[in-house]
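**Student:** Line by line, the protein sequences give chains A and B. Take 1 as the starting number for the first sequence in this note's numbering and just add one per residue. Take 1001 as the starting number for the second sequence in this note's numbering and just add one per residue.
Fair warning: there could be bad hints in the mix.
Covered stretches of chain B, going by a simulated chain A footprint (3 or more residues, C-beta under 8 Å) [stated by the list, open to error]: (1) 1033-1040; (2) 1060-1072; (3) 1158-1165; (4) 1220-1232.
Interface residues of chain B toward chain A, partial, derived using beta-carbon atoms under 10 Å [claimed, not checked]: (5) Pro1047; (6) Ala1086; (7) Gly1090; (8) Phe1093; (9) Glu1097; (10) Ser1101; (11) Phe1110; (12) Leu1145; (13) Asp1210.
Quick caveat, the hints were computed from the structure, so don't treat them as lab data. We treat Cβ as the ideally placed atom computed from N, Cα and C, and that holds for glycine.
Listed below are the residues making up each chain.
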Amino acid sequence: MKIRAIAAISAIVIACAGSWVEVSPMAAHADAAEPVQFDVASGALSISQTPTAGTTLVQNTAVQLPQTVVTDGRNNAGRTGAWTVTITASNLVHTAGADSATIGADQITMDEISGAVAAGGTITDEPAVVGTGALVSITGDGIDSTYTYTPTAQLASQTKPFSGAYVGTITQTVA
Amino acid sequence: MRCLVLGCVVACALLAPATRTEATAPPAPPGVGIKLLEGPANGIDDPRAHSYVVDHLAPGTTISRKLGISNGGQTALDVDLYPAAATISGGVFVVAEGHTSNELASWISFSVERATIAPGETMPVTMTIVVPPGASAGERYAVALAEAKSASTTGVTLVSRVGVRVYLSVGPGGEPRTAFSIESLTASRDPSGQPVVAAIVHNTGERAVDLSGSLQLSNGPGSLSAGPFPVRITATLAPGDSGDVYVALDQQLPDGPWKATLSLTSGLTTETSSAQITFPSGTGEAAPSSATPSAQQPRKDHGRPALVLVGAAAAVALTTATIVGVRRRRRRR
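Assemble the whole structure, with the sequences as input and the hints as a guide.
**Tutor:** Following this line, the structure appears as structure tokens:
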């Protein structure tokens, strides 16, 4: 009787200890170099630009690009995250026609109209950049902190520009 | 016997983890999003490892990490996935243009390179990093990017890219040390009259640091104290780099003098330094004050000690019930 009781108790303790060492509710998994990994509970970093129409650059005018929203869902209580948006313009290439030409990206100055930050975060508004560079940076200290702002792009005056349409890209990268 | 059973039930109730209700996944944030889904077990206490890929690997090692790519829009989203080079410059983690590669980016590949993600969905992707056997020691930087383009046929096309930073240290043995020092604190007032404290920080270790923290003021006029104030402008510093962090304070604060104590944290490393500062009455900057470091403050781990206490309590309950049961049986005999 004593031996059966001890065996039963041992089995129960071992079963409970097995659940005690589990790191997360999901199964632990392994790869060759790191046998055990943990599951990240925090959310995503995202960027949203919603154009309502095509964007056309105008000489000597700061054209407002579509409103941009950066959401940092990576911040859980006790942790902080930081991100930086880097903005880059490509060369503008003439679409067609006999007079082909390229306007260099260094002719485009980009800045941003500061917006609103919700749910925590402190913003660094970097100076205007030409062609490429950091635009804004934030330390997010609130869960799901969001920053809404409007980038602008100004094309420098072009001497003897070729007529016709030019196309290019403006890229915002957040990491 | 009843005591034994009761003791076992109590022990299991204490030992068994609380039932975790599988929470409904939160809605995808607006636009194209990316997140880490997993990290190395030895990084579970490092806040940076929950946002970035931060690792130290020996040459010849291969690891994988799951990422989640989300679409928070109303229509399906075509997303390209690729690695790109990154650098740390001027206190900022800078992602290179386009598909510019570097050594680390060339080691990175994805299980999927192009996908169409339904609105509101998050798609899991596996990123693999293969460190060549002959890779030299040192830390490298890259970024895992998800890219989406706006639908525009005229003018300027808008491209959105979102990434997970990769800070990878290569070398044999244990992880290189992380260390930084707070060199000086400078009090100033900006043109609007707001007091600002700037600190020069030097990365004295062998890993990049992402700094955040807060400033506390004490021993002020009339024994006033104020804060903590969060660090407003942070810095990412590569080994050997120096940079500035800034703290904006309340405009109601008197000039001082104050004892300013600045605590900065990167991952598991915290440094605290103090200096006496006095804000200028008008716009301008006071002379820098050398900062005196305090003892290094280890981060507190609140999870594991609690678990140990619960386990110990369960073991005590079970042992007590067993002893009581055995003694009662002997008395009956």
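**Student:** Each hint needs a verdict: does it hold in this structure or not?
**Tutor:** The hints, checked one at a time:
no., hint, verdict
1, 1033-1040, "holds (count 8)"
2, 1060-1072, "holds (count 7)"
3, 1158-1165, "holds (count 8)"
4, 1220-1232, "holds (count 3)"
5, Pro1047, "holds, 4 Å"
6, Ala1086, "holds, 7 Å"
7, Gly1090, "holds, 8 Å"
8, Phe1093, "holds, 6 Å"
9, Glu1097, "holds, 5 Å"
10, Ser1101, "violated, 15 Å"
11, Phe1110, "violated, 16 Å"
12, Leu1145, "holds, 7 Å"
13, Asp1210, "holds, 6 Å"
Checked against the numbered hints above, the structure breaks hints 10 and 11 and satisfies the rest.
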